[in-house]
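Asks: Could you slot chains B, C and D onto chain A? The hints should help.
Protein chains in written order, with my numbering: chain A, 1 to 384; chain B, 1001 to 1086; chain C, 2001 to 2180; chain D, 3001 to 3304.
One or more of the hints may lead you astray.
[Said to hold, decoys possible] Taking lysine-lysine and the DSS-like style, the derived pairs with C-alpha atoms no more than 25 Å apart in a straight line are: (1) K201(A) <-> K3082(D); (2) K1033(B) <-> K3082(D); (3) K3082(D) <-> K191(A); (4) K1036(B) <-> K3082(D); (5) K201(A) <-> K3004(D).
[To be verified] Between beta-carbon pairs, the in silico distance windows are: (6) E3287(D) <-> Y215(A): 35 to 41 Å; (7) C45(A) <-> A3280(D): 54 to 60 Å; (8) N2082(C) <-> E184(A): 47 to 53 Å.
Simulated from the structure, these hints should not be mistaken for laboratory data. Bear in mind that the values here come from a model prediction, so they are computed numbers and not experimental data. All C-beta atoms in this analysis are idealised placements derived from N, C-alpha and C, irrespective of residue type, glycine included.
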Amino acid sequence: MMRFIEGSLAVSDAVRMCRPDVVSAYPITPQTHIVESLAEMVANCTLDAEYITVESEFSALSACLGAVAAGSRAYSATSSQGLALMFEVCFNLAGMRLPMVMTIANRAISAPLSIWNDQQDSISLRDSGWLQFYAEDNQEAADLHYLAYKVAEDQKILLPAMVCFDGFILSHTYEPVDMPTQEEVDAYLPKFNPCQRLDAKDPISFGMFAFPEYYMEFRYAIDQALQQSREKIREAGKEFKEKFGRDYSALVEGYRLEDAETVLVAMGSLCGTAKDAIDEMRGAGRKVGLLKIRTYRPFPGEEVAAALKGAKRVAVLDKNISLGSKGAVGLEVKDVLYGSGIPVLDYIVGLGGRDMRKRDIERIVTLAEKGEGDLFYGLREEVA
Amino acid sequence: MALSVGCTAKPGKSRGNRTGAWRVFKPAFKHNKCTKCGLCAMVCPEGCIIEQEDEFMIPDYDYCKGCGLCAEECPAEDIEMVKEEK
Amino acid sequence: MKELRIHGRGGQGSVTAAELIATAAFEGGVSAQAFPMFGVERRGAPVQAFVRFADKKIRLRSQVYEPDYIIVQDSTLIADVNVFAGMKKGGIAIVNTAKGGGWTVPPGVRLITVDATGIALETLGVPITNTSLMGAFAAASGEITLEAIENAIRHRFSEELARKNIEAARRAYNLVKGAA
Amino acid sequence: MVDKTLELFDCGHRACGGCGPALAARLIMKAAGTDTIVVSATGCMEVFSTPYPETAWKVPWIHSLFENAAAVASGVEAALKKQGRSEKVVVIGGDGATFDIGMLCISGAFERGHDFTYICYDNEAYMNTGIQRSGATPLDAHTTTSPAGKCSTGNRRPKKDMPAILAAHGAPYVATTSIAYPNDLMQKVERAIETKGPCYVQIHAPCPTGWGYEGDRTMVMGKLAVETGLFVLFEQTDGTVTRVKKVMRKPVEEYLKGQKRFAHLFKPTRNEAEIARIQATADRNAEKFGIDIKLKKPVEKPEG
Chain A
1 MMRFIEGSLA
11 VSDAVRMCRP
21 DVVSAYPITP
31 QTHIVESLAE
41 MVANCTLDAE
51 YITVESEFSA
61 LSACLGAVAA
71 GSRAYSATSS
81 QGLALMFEVC
91 FNLAGMRLPM
101 VMTIANRAIS
111 APLSIWNDQQ
121 DSISLRDSGW
131 LQFYAEDNQE
141 AADLHYLAYK
151 VAEDQKILLP
161 AMVCFDGFIL
171 SHTYEPVDMP
181 TQEEVDAYLP
191 KFNPCQRLDA
201 KDPISFGMFA
211 FPEYYMEFRY
221 AIDQALQQSR
231 EKIREAGKEF
241 KEKFGRDYSA
251 LVEGYRLEDA
261 ETVLVAMGSL
271 CGTAKDAIDE
281 MRGAGRKVGL
291 LKIRTYRPFP
301 GEEVAAALKG
311 AKRVAVLDKN
321 ISLGSKGAVG
331 LEVKDVLYGS
341 GIPVLDYIVG
351 LGGRDMRKRD
361 IERIVTLAEK
371 GEGDLFYGLR
381 EEVA
Chain B
1001 MALSVGCTAK
1011 PGKSRGNRTG
1021 AWRVFKPAFK
1031 HNKCTKCGLC
1041 AMVCPEGCII
1051 EQEDEFMIPD
1061 YDYCKGCGLC
1071 AEECPAEDIE
1081 MVKEEK
Chain C
2001 MKELRIHGRG
2011 GQGSVTAAEL
2021 IATAAFEGGV
2031 SAQAFPMFGV
2041 ERRGAPVQAF
2051 VRFADKKIRL
2061 RSQVYEPDYI
2071 IVQDSTLIAD
2081 VNVFAGMKKG
2091 GIAIVNTAKG
2101 GGWTVPPGVR
2111 LITVDATGIA
2121 LETLGVPITN
2131 TSLMGAFAAA
2141 SGEITLEAIE
2151 NAIRHRFSEE
2161 LARKNIEAAR
2171 RAYNLVKGAA
Chain D
3001 MVDKTLELFD
3011 CGHRACGGCG
3021 PALAARLIMK
3031 AAGTDTIVVS
3041 ATGCMEVFST
3051 PYPETAWKVP
3061 WIHSLFENAA
3071 AVASGVEAAL
3081 KKQGRSEKVV
3091 VIGGDGATFD
3101 IGMLCISGAF
3111 ERGHDFTYIC
3121 YDNEAYMNTG
3131 IQRSGATPLD
3141 AHTTTSPAGK
3151 CSTGNRRPKK
3161 DMPAILAAHG
3171 APYVATTSIA
3181 YPNDLMQKVE
3191 RAIETKGPCY
3201 VQIHAPCPTG
3211 WGYEGDRTMV
3221 MGKLAVETGL
3231 FVLFEQTDGT
3241 VTRVKKVMRK
3251 PVEEYLKGQK
3261 RFAHLFKPTR
3271 NEAEIARIQA
3281 TADRNAEKFG
3291 IDIKLKKPVE
3301 KPEG
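This is chain A alone, in the form it adopts within the complex (with noise of 0.2 Å):
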């Protein structure tokens, strides 16, 4: 049913869907309305679940990892400092297979404090071993949820996995959203089924230490994992396609590709505003279109490769920078298009909550097309 909801709300009661049993978070702006929301459900019995009100992230992502080797469904949610928090226990949820979700409401990283939008908090975590989807709208970041708990929990896959939607410009925007009944969602995401749990009945121990002769394979293992689960990502993206009507089958989309000369490469809210900044440079005559990378982990490399063989440029948009080097996407996107000739311009925008407008978007493919990039867009002119 299409509902005229806050992003949060919509995510929420998704997440409601989803029958986590275990709900534990701490609260940080811009994700706050999410948990806030969940725990009114819990109140009013609207969700059977176990809420534990955390002292901190870190702890709030602690108690999640001790209910998934329960044997229980977890659900968190965060942003910027609080997910920064959760470093170590990003990490150690991924080596120990113990599959979850979490969202993240981007927002950018103090210092200095910046309670806005970018996506430099999970783009630090990417190296964590979790699954990593960027929502565009409000859409998305429901959806995505169902299908991050069913990718999640496949015997092969075993990791937990980030919906990342930005913060405020998603979180806190009404929009409409098709919410599906619950029936649908249990139709489609299945219960969860732990191939193993702690029990006293089948006592196993897990988060052992490892020696150098082990170390490399348990990582090794969480990475074929991780590649495997591209296909399981399409394979849920169809089924959800079938079931919703609505198409994640592919880890990337492309807007415009056709004969587009300059690509621009984005992930999350910042792909509708390029989508409609394209529209007005095509009715100008100006051959653009935008690939817009939905999954970032796995990174799907061969879907960014066959997508932007045809371009003359790429202008890939990146809403973090890591610092001393380059864009995280620019740097995924030049990797895969290494030896193409093709010449991939990385910039740095919308940090802190820049704004990004559609003649933003227009000025930067003009750079593009004038092999200006590799810098950080729209800086102040004192610093310029």
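Replies: For chains B, C and D alone, coordinates are given in the frame of chain A:
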């Protein structure tokens, strides 16, 4: 051996590690003045001192590290630490 | 696509006003989007909220810089905030005031004043102007119908409160229609 | 009732010979029984008991990180509750994990009132990383980060009063015990597990390597700590001390002399002032908990 998922293991595997090899001194259970009180078994950090059918205690030398705690604690002074020639 | 910018003060319910207007538009069959100016402003500080209306899915995510409409919830803001900034020609500015105007607006912009606070006090007994301003906006812009507003109010408020708010919206609607 | 024959902590673990914490693990598990899920913090015990694939644990066991055991246990407990399961949750952490780095998670979990038992095996320093001081290191102990030297007498601070901190959280049952008193230990662990809500048991567990004594003296060291009044065994129910182990007190010197970590108090010269400070600590403990056994004195003749 296939690796477990997420570095887990079922019980029993630690027995593959025969810590008896660490031993320099060996507790000799003389069973002369032994009152079968069981304190030696209780205080052994390895848990490797086992009651026999005759209720006397015998350490499992596969795992005994030779720490001497049993000999020190034995109220009957019936356990002697002897240099082990392997 | 049409864009609305709402100016108010923290605590006056600008975000709720944006949400209510967008909800009414959505329920009237229009595609809509509402979002606040993402800030850390506390009670009393000038704030903004935005609404977009379109006949197809709205993808644009930037803030609103060149609004077709503005609503000023509190005319005391006008001295300190350039509420009319960027307004499009042919745009409509709705200002809540009992005074009746006197502000210089950009060329081609129509200024409509309405005593939403007075209406709110008479109908609701409290100076919460959201629903009166919605009525005024509906009458002035034609983006939403009075019926859609009434439905949105009914979905949000309990029966008694909904009745009063609908009354507030209607009175403002009729006032603006009558003046037009 | 505790089944003393139960062995749930298996042979083949890699603890040092005469390890107090290894003995603690065995005794804890005898008291806890098979229907227990153990959550371990990173530390010496975790490392010596679970090198992949050799686990010494015969019960379900999980280790996540150094500082989060109480939070992981919160999640386990919540999951069990949701699933309607009856296993008991027991956390085992060293003093570093408990007194220092894990304090936040412990405080949160106790305040929330989860039904679990937190057991700290207290060997009074970070042994896993090579004997560094922790909040549980006693006054004047030499560690690698509180070394005794020309202008230092070792650790400058007294041991943190962790039982009091957790009692202040409203823990229904708080107890201290020692591996040197196996029956006392098992009884207290059993009582903690049986008590609903977050309970705390602190087990004094001497470490031959870290303290500098031979492994066969582990029980002796444990007993001396209690007999000198430096480690008091007590039980506290709903905030009230209900039971205290009384002793015929010995001078602290008898305990200190046998350990290299206190050797600087005796060599090259005897440091009377510091020994007196430690004795004063024991005296305060004795006074506070009333541990001294008072011998009946002959009735004095009335004056005059």
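Asks: Hint by hint, which ones does the structure fall short of?
Replies: Hints 2, 4, 6 are the ones this structure does not satisfy, whereas the remaining hints hold.
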